[in-house]
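Chemist: Could you slot chain D onto chain C? The hints should help.
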Amino acid sequence: MSRDTGGRRARALALLGVLVGWAVVAYGNRAFGVMAPALLPTPGEVVAIFLDSLRDGSLPRHVATSLARVAIGFGFAATAALALGLVAALCVPVRLMLEPIIEFVRPIPPLAFLPMFLVWFGLGESSKIAFIGYTTFFPMFVAIAAAVLRVDVTLLRAAASLGADRVALIRRVIVPAALPGIIVALRLGFALALFVIVGAEFMGADAGLGNLIMEGRTFFVPAQIVMGALVLGLLGSIVNACLLAVERRLFRWRESAAT
Amino acid sequence: MTIHVRGLSRAFVAAGRETPALLGIDLEVAEREFVCLLGPSGCGKSTLLNIVAGFLRPSAGDVLVDGRPVTGPGADRGVVFQEYVLFPWLTVAGNVEFGLSLKGTPAAQRRATVARYLDLVGLAAHADKYPVQLSGGMKQRVAIARALANSPAIILMDEPFGALDAQTREVLQDELSRIQRVEHKTVLFVTHSIREAVYLADRVVVMTSAPGRIKQVFTIKLPEVRDRFAPEFTHYESEITRLVKEEVAKVHE
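So the sequence lines, in the order shown, correspond to chains C and D. Each residue of the first sequence is one higher than the one before, starting from 0 at the first, in numbering that gives the first Met the number 0. Each residue of the second sequence is one higher than the one before, starting from 0 at the first, in numbering that gives the first Met the number 0.
In short, the hints are calculated from the structure, not lab data. Don't take every hint at face value.
From chain D, some residues computed to sit far from chain C (all C-beta separations above 12 Å) [to be verified]:
| no. | residue |
| --- | --- |
| 1 | Ser40 |
| 2 | Ala59 |
| 3 | Arg67 |
| 4 | Tyr83 |
| 5 | Pro87 |
| 6 | Leu99 |
| 7 | Ala123 |
| 8 | Glu174 |
| 9 | Arg177 |
| 10 | Arg194 |
| 11 | Arg202 |
| 12 | Ile213 |
| 13 | Phe228 |
| 14 | Pro230 |
Computed spacing ranges between beta-carbons, pair by pair [to be verified]:
| no. | chain 1 | residue 1 | chain 2 | residue 2 | range |
| --- | --- | --- | --- | --- | --- |
| 15 | D | Thr167 | C | Arg165 | 46 to 54 Å |
| 16 | C | Asp151 | D | Ala111 | 25 to 33 Å |
| 17 | C | Asp151 | D | Arg67 | 26 to 34 Å |
| 18 | D | Glu82 | C | Leu12 | 54 to 62 Å |
| 19 | C | Asn239 | D | Asp127 | 26 to 34 Å |
| 20 | C | Asp151 | D | Thr167 | 37 to 45 Å |
| 21 | D | Ala13 | C | Arg165 | 43 to 51 Å |
| 22 | D | Gln166 | C | Thr4 | 34 to 42 Å |
| 23 | C | Thr153 | D | Gly41 | 14 to 22 Å |
| 24 | D | Ala111 | C | Arg165 | 24 to 32 Å |
| 25 | D | Asp127 | C | Leu178 | 14 to 22 Å |
| 26 | C | Pro92 | D | Ala13 | 47 to 55 Å |
Cβ coordinates follow ideal geometry from the N, Cα and C atoms, glycine included.
If we strip away everything but chain C, and leave its shape as in the complex, we get (with noise of 0.2 Å):
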């Protein structure tokens, strides 16, 4: 326990270094002039400019607008990756089709095919969502059946000589068993939608935070740009925390042994 909260003292103590040494060089350079101050945005400013847009609803509004795209995108992928995953994990024909397929595609940069994605579908919702949607895609595909793969043949073996049948084995055993490589999954493709839906944002939006943070430099707003970026980290390290929770909760038979 107290192991716990001394990690937690370094945690925070780091956090505070670089945002004094933030405020050090930013008002440094105000006092001293090295270069143009507003090409060096302070904390005060940043914290000046997210209130502001806090008040005024257009932070809200650009969050939802993102968060909706990440959401919809990456719950296409998500089932997607979860049927497919399972069905080529269990299925020796299907994934010797795929395999090939997808070790060509996964090293292509998903950003390269950004704009086809604007061709394609144009500059509205869609081209963002199926952009997600393909980016997040592949990793977590890769990931799910690959967690499906790594459950131990004993256990099935175990259940079969309980009398458990091939739906039962999926839904009883393959299933829990890989649960938790499942979630893990998931989370990384989360963040990593998190991670692109800028760069979707950054070409013809017209709302979301990518938006904003284009919008800052188009306007000459470097605050609005570091605050942009701010947001999208507070933002994936809430969801983050909020599916290790989830994670903790469901896998609770993993490290319970000091109960």
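Modeler: Same frame as chain C, now just chain D:
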């Protein structure tokens, strides 16, 4: 239920070469009989058990259970593995209940059966724990309770106490012997411990080193409750030891 192994052989292909693991095994296990398969490691005794369980297919010959050929695993043959193999996401009670819930047994009856078998293996107080919280001996007790609760006529045990320390091992042998006096299952039990085989078995089948054949079968004419230090016990032990040593020596030649 009886087990009838007829002319059974099994070969494994490794690096393009076929290596026989079992050769011409004929074996009958009578209803309620406790038979130990004994032999040096690599003699194919676990392979034989896996074929009877339906996990592996024989290369030749077949296995009949009550006259019907084995084509795959089934609830009529409960299996206890060496590495425990509990479902880690289920509690102790959940593990023991697994087979019953597959069959659709009503909840009240399920609870009663689970309680009965957890009591039989002395784990009634640990029903709500998860496998990670248990010691090796406790895990193996759960595995035995899980197999028994499903009420198979046959229990197949693949070196179930092989991973346990010597003391725990003897305690579990005592318990298994006691349980068998209550449950009267047809048991096929793989071990490389001669003491264990003589302590538990009605018959001990000694196998040759690879490829595994049946070398000799001993009928253990000892009382149901056995004394590891009785002269008759040590007599069987030394006789079987001599036979097994021959086989181990062959491996080293």
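Chemist: Each hint: holds or not?
Modeler: Structure-based check of each hint:
With a least beta-carbon separation of about 18 Å from chain C, D:Ser40 lies farther than 12 Å from that chain, consistent with its non-interface assignment. With a cut of 12 Å on Cβ distances, D:Ala59 stays outside the contact zone with chain C, its closest approach being about 23 Å. In this structure D:Arg67 is separated from chain C by more than 12 Å, as the shortest Cβ-Cβ distance comes to about 16 Å. Non-interface call for D:Tyr83 relative to chain C: violated, since the shortest CB-CB distance, roughly 9 Å, does not exceed 12 Å.
Not every beta carbon of chain C lies more than 12 Å from that of D:Pro87, the smallest distance being close to 6 Å; the non-interface claim is violated. Distance to chain C contradicts D:Leu99 as a non-interface residue, since its nearest Cβ pair spans about 9 Å, not more than 12 Å. Once the 12 Å rule is applied to beta carbons, D:Ala123 is consistent with being away from chain C; the minimum gap is 18 Å. Annotated as non-interface, D:Glu174 keeps its C-beta farther than 12 Å from every C-beta of chain C; the closest such distance is 20 Å.
Distance to chain C confirms D:Arg177 as a non-interface residue, since its nearest Cβ pair spans about 23 Å, more than 12 Å. With a least beta-carbon separation of about 27 Å from chain C, D:Arg194 lies farther than 12 Å from that chain, consistent with its non-interface assignment. No beta-carbon of chain C is positioned within 12 Å of the beta-carbon of D:Arg202; the least distance is around 23 Å. Distance check for D:Ile213 against chain C: the nearest CB is about 24 Å away, which clears 12 Å, and the non-interface claim stands.
Consistency note on D:Phe228: stated as away from chain C, and its beta-carbon is indeed over 12 Å from all of that chain's, at 36 Å minimum. Listed as a non-interface residue, D:Pro230 keeps its Cβ farther than 12 Å from every Cβ of chain C; the least gap is roughly 39 Å. Hint check: D:Thr167 to C:Arg165, Cβ distance near 36 Å, so the stated range 46 to 54 Å is violated. A hinted range of 25 to 33 Å for the beta carbons of C:Asp151 and D:Ala111 is consistent with their spacing of about 31 Å.
Checked against the given bound of 26 to 34 Å, the beta carbons of C:Asp151 and D:Arg67, roughly 29 Å apart, stay inside it. Between D:Glu82 and C:Leu12 the Cβ separation comes to about 45 Å, which falls outside the hinted range of 54 to 62 Å. Distance hint check for C:Asn239 and D:Asp127: the Cβ-Cβ separation is about 31 Å, which falls inside the suggested range of 26 to 34 Å. Checking the proposed 37 to 45 Å range against C:Asp151 and D:Thr167 shows it is violated: the Cβ atoms sit about 23 Å from each other.
Separation of D:Ala13 from C:Arg165 is about 29 Å and departs from the stated range, judged on CB atoms against 43 to 51 Å. The given range of 34 to 42 Å is respected by D:Gln166 and C:Thr4, whose C-beta atoms sit roughly 41 Å from each other. About 19 Å separates the C-beta atoms of C:Thr153 and D:Gly41, a value consistent with the hinted range of 14 to 22 Å. A beta carbon spacing of about 30 Å between D:Ala111 and C:Arg165 agrees with the range 24 to 32 Å that was offered as a hint.
As the Cβ distance of D:Asp127 to C:Leu178 is approximately 20 Å, the hint placing it in 14 to 22 Å holds. For the pair C:Pro92 and D:Ala13, the supplied restraint of 47 to 55 Å is violated, since their beta-carbon distance comes to about 25 Å.
Taken one by one, the earlier hints fail for this structure at numbers 4, 5, 6, 15, 18, 20, 21 and 26, listed in ascending order.
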